[in-house]
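Chains as they are written, first to last, in my numbering: chain D, 1 to 257; chain C, 1001 to 1290.
These are calculated hints, taken from the structure and not from any lab test.
Here a beta-carbon is modelled for each residue, glycine too, at the ideal position from N, C-alpha and C.
One should not assume that every hint holds.
Quick partial rundown of chain D residues pointing at chain C, CB under 8 Å, derived from the structure [stated by the list, open to error]:
#: 1; residue: Q84
#: 2; residue: I86
#: 3; residue: L90
#: 4; residue: E113
#: 5; residue: G114
#: 6; residue: E229
The chain contents come next:
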Amino acid sequence: MLTSAEPIIHVENLHKWFGMLHVLKGVSLAVMPREVVVLIGRSGSGKSTFLRCLNFLEEPSAGTITIDGLTVSAGSRVHASRSQIIALRLRTGMVFQEFNLFPHMTALENVIEGLVTVKRMPKEQAMPVGEQYLTKVGLLDKRDVHPIRLSGGQKQRVAIARALAMEPKVMLFDEPTSALDPELIGEVLEVMKQLAREGTTMMVVTHEMDFAREVANRVIYIEDGEFVEEGSPDKIFSNPSDVRTRMFLVRVLHRAT
Amino acid sequence: MDVNALRPFGPASADPDLSMGLKLLSDQRRARLVRVMKIVGVWIALVTVLAVALLQLRVDPGYIVDHRQIVIDGVWVTIGVSLISIGFATILALLGALGRLSRNSIAQGISGFYVSLVRGTPLLIQIYLIYSGLPQIGKQLTALGFPQLGRLLVLDATQAGILALSLNYGAYMTEIFRAGIQSIGHGQREAAEALGMTHGQMLRRIILPQAVRVIIPDIGNQFIAMQKDSALVSVIGIWEITFRANRFARQDSKFIEMYLLAAALYWLLTIISSWLQSRLEGRMAHAYER
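Take the sequences, apply the hints, and build the full model.
Listed below in C-alpha cells is the structure:
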C-alpha cells in the first residue's frame, strides 16, 4: 500500500498537557522508511514525551499519529480505542532508558515473550526466532541467563532484541544509553549503528552527539515542546541557524570535551 | 623487615593476610555460637521455672499425658481448616486487589465495601453470622418458595468456619496483594504495553508472577496467624485443638492442664510454620539468579 516515497511515520499537530503544563505544543513530523531521526534537547524539553506519545505510552492531548498506514487520533472528544492503540504498538518497537527487562524471565524468554503472548506464536516456533535476535545483538551465549546476571550494556542489547523480535515497522529509542556506565555505552551504540546500516527506521532520543553526527539522517532540536530546528547532522552541528540550537550545542559539546 | 617474622600463630599459611582473616572469621563464628547457646539456656531456664511453679500449684501432668492424644488429633483439623481457608482467602485477596486497583468503579466499589465491612467487624461475629445467621435467611427463602437457595445457606460447622476464615483473611490479604502488585515498577508495565499486551496479558505474564514473589512471605505470615485465629471456630463445634481442649477442661475442671496443652500445640505449630517459611523465603531470594 505504501511506496517508499511516502512517510512511514506521520505526526500532525501533536499536543500534550500534563495538568497545566504544556509539554508538546503542536508538533508535526514525517519520517521516511529507512530514515534515522535523532531528537536532541535539554531534559524537560519534551523529546521523550514526544517519543512516548508515538506508541501511546503517553496519551496525546490532541493530534493525529499515522504509522505504516494506521491513523490514530487523540483529543478531548476523540478517544483512541484499545485495539487501535495495540495495533499502533505492534508497529513500533521501544527501547527504554532503564531497559525494563522482565526479571523473572531469562534473556531468551524476554525476547520471545511478545511473540508468544501477543502474537500467539507457539513456543517451539518462537525460540529459534528469539535465538536469531539474540545472535544479532551478540548475546546468544546468555540465552538462559536472568537479567540480574547481565551487565547494563547486555541488558540493553537484550531489550533491543526483545523489541526487534516483534518485527516492528519503526524502532523508538528513549535515551538508550543514559543509564549505562560510560564503558558500556559503546556496545549498545554499535548494535544501533548496525540496525541503521540495515535500513531500520529509527527515532532516537539521545545525548550521544557523536552517534547523532555519525548515524542520523536528520537531527531535530526540541526546546519547550517545539521543534526549533531540524536538518542534516552536518548542518545542525556545524552551522545551526537558530540561536537556541547553537547555545544548546555549545553547552553539550563543550561539556563533552 | 622479614615478612615471616610477622606471621601469626595457628595453621601455617603462605599468606599472612589470609590466615589472619580466617582467624577473625572463626572468632566471629565462635562468638555467635556462644550467644545462641546463652539464649537457648535462658529459654530452658524459663520453661523449667514455669514447670516447677505449676507443679507446686498442683497442676496434674498425668491428666495431660492421659488426654494428650485426643487433643493432638485436633492438630490435623486445625491445619486442614487453616490450609483450605488460606487457599480460598488467597483467591479472594487476588480478586479483591484486582478490584481495588481496577479503573472500573463498580469493581472498585464492591472490593472496597468487602474490605471495609470485614475489617470493621469482629471475626467472632462473622463466624456466628455465617453459621447461625445464614440458615435463618435460608428458612425465609424456603418459605418464599426457593428451597434450593434456602438449603444452600445452611452450612455445617466446618463449611461455615472455613467460609468465615476465608472471607476474613481474604479482606486483610487484599491489602497485602494490592501493595505487592503496586510494588512492581512502572517500567514493567510500560515494557509490557509497548510490546502490545492487553491489560490482562500484562497482569498474567508480567505483573502477577513478580508480585507473587513479593507476597508469598506475607501469605506465610497470614497462615501462621490464621492457625491461631482458627481457635475461634471452636465456638461452632469444629473438632480442632481448642474445641477438644475446652471439652475436657470443662468436663473435669482441668483448665490449666488442657489449655496449656492447647497453647503448647499452637506454639509448636507456629514454630514449625515459621521455620518452613524462612526456608521457602531463602529459596525464593535466589530465584532470579541463573
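Fill in: Per-residue hint verdict: G114/D, partner chain C, C-beta under 8 Å
4 Å, holds
Worksheet item: With 8 Å as the cut and Cβ atoms as the points, is I86/D at the interface with chain C?
Response: 5 Å, holds
Fill in: Hint status (Cβ of L90/D to nearest Cβ of chain C, threshold 8 Å)
At about 5 Å, which falls below the 8 Å cut-off, the nearest Cβ of chain C leaves the hint on L90/D intact, so it holds.
Worksheet entry | E229/D as an interface hint toward chain C, with CB separation required under 8 Å | 29 Å, violated
Worksheet entry | Hint validity - Q84/D Cβ closer than 8 Å to any chain C Cβ | 12 Å, violated
Worksheet item: Taking 8 Å as the limit, does the beta-carbon of E113/D come near enough to a beta-carbon in chain C?
Response: 7 Å, holds
Checked against the numbered hints listed earlier, the structure breaks hints 1 and 6; every other hint is satisfied.
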